[in-house]
Amino acid sequence: MADTFLDSTELVLNMGPQHPSTHGVLRVILKLDGERVLSTECVIGYLHRGVEKIAENRTWQMFAPYVDRMDYVAAVSNGLGYCLAVEKLLGVEAPPRAQAVRVILTELNRIASHLLWLGTHALDIGAITPLFYCMRERELILNIFEKYCGARLTTHAFRIGGLQYETYEGFEKECLEFCDIFDKKVDEYEELLTGNRIWQQRLKGVGILTAEDCKEYGVTGPMLRAAGVKWDLRKAQPYSGYEKYDFEIPTGQNGDTYDRYLVRMQEMRQSARIVRQAVADIPAGPVMGKVGKVIKPPVGEAYVSIEAPKGELGYYVVSDGSTQPYRVRIRPPSFVNLQALDKMCRGALVADVVAIIGTTDIVLGEVDR
Amino acid sequence: MAATPWESELTRALKEEFGDRILEFSSYVGQNFLVAKPEAAIPILESLKENHGFDYLVDITAVHWPERPEPFDIVYIIYSFSRNERIRMKIRIREGEKPRSAVPVHLTANWLEREVYDMFGIEFEGHPDLRRILLPEEWETFPLRKENSILKMDQHWVQENLGIESGQ
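Just so you know, the sequences run in chain order A and B. What the first sequence shows, in numbering that gives the first Met the number 0, is residues 0 to 368, in sequence order. What the second sequence shows, in numbering that gives the first Met the number 0, is residues 0 to 167, in sequence order.
Mixed in with the good hints, there may be bad ones.
Unchecked claim - Listed next, the in silico DSSO-like pairs over lysine-lysine satisfying Cα-Cα at most 27 Å (straight line):
| no. | chain 1 | residue 1 | chain 2 | residue 2 |
| --- | --- | --- | --- | --- |
| 1 | A | K172 | A | K183 |
| 2 | B | K48 | A | K229 |
| 3 | A | K52 | B | K145 |
Hints are computed from structural coordinates only; laboratory data are not their basis. Source: prediction; values computed, not measured.
Could you put the whole structure together from the sequences, leaning on the hints where they help?
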């Protein structure tokens, strides 16, 4: 009896689905040996709404607002991907003016998404202040969205073939003002966190995912770049006129949580850089391409993907020639990236699991669809 | 618009290796895809990964065509970082046919195949952990099959577990 008393035994711990640091309704079953994680298992689907089934029962246009509700902190990106996919089937392209406005709004949305990630990630680690700072700057972006299309989160900003709305009076000025403010603010966040010893000790060497692992698991976005792979769909296969803008792809070396933090911080700066260039040169002209009121793509299929804030967001659309999609498959970056959680968590401490979930930057609305 | 034949060095190499097990090389709206026999799918994935640099399996999904003798398309989307090229592979399978799992080639196939199973009821031979992923385990139907209308879901499950008359 005395011999076995001090033995450590395997402990199963349920984390979530209602847990502040799982960023939504994610349930993780942790198998522990003391404080060490032996393995994890994700239980997902709590937010499943059958988005792909809904698509088959709506017309092509009617489905567009639904995609905003997947990754609801980056709704503009979702909308862009869907519009590009349908445009590919139709064989039309948005006019240059619409493309420039799309780039501006998508990049602003990338910043907003990263800001929410930074705030909540820091909060999980124990730094409360950055959350308020991030929310403050995110508010400026959401105000621009609200003025542009009336919505702040689920924007439905784009239409198949271009844009519904012209930009409002003072749009360019407000975007530039935001960029001016924002660059200094990123310095402030970095001053709080980058060199902070507690921050570094919590993040460095935690949740390492090498480039090989990333490719094996299909992990994309900032997580792949933090592992040193210089790959960004905006550069690799440019869409919506990204080839016109000058920007860098930030990368890391170690593929740990700290590098992923650094990569996302740099990405926010790069996004602001793109916004500046795009605002300075919005071409004149119409914002809507030649698309009829009834959208009937010819029979066929296409796969179009974009670089969403979380990674490769793909739409595989199949048309049977009718007004409704025959099939819409959404390839969500969060879902695929989450699969690597087990790999990252093995051997880590329980407290690290929180850091690793934060750094994966998942949105459960997109994981579950 | 119609699909046009797709020819390149890659298609010639694949043709040489797999012969008539690849039924078609086509291109539509500038996107290349091939249609293969179901038993050739995993060897092709392996060959693409080992010999041609297609090291990233983007997605696995399915499409249901109830009128066809082989009612399911399984679609593999594959990308190569070194070539910056994306292709699709399609196989057509019969009801109840069990294609081989791609997990031994690409680990990412694990959840993707589970989702295909969850939504279409297609079972993958040799999958390490084939269960539902998004829907509850006791769910009875496979929602993305065309015979299941959006209004007729698993009422039984809803009544039993949520205590309401209907899921709508």
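Enumerated hints in conflict with the structure, sorted upward: Of the numbered hints, all hold.
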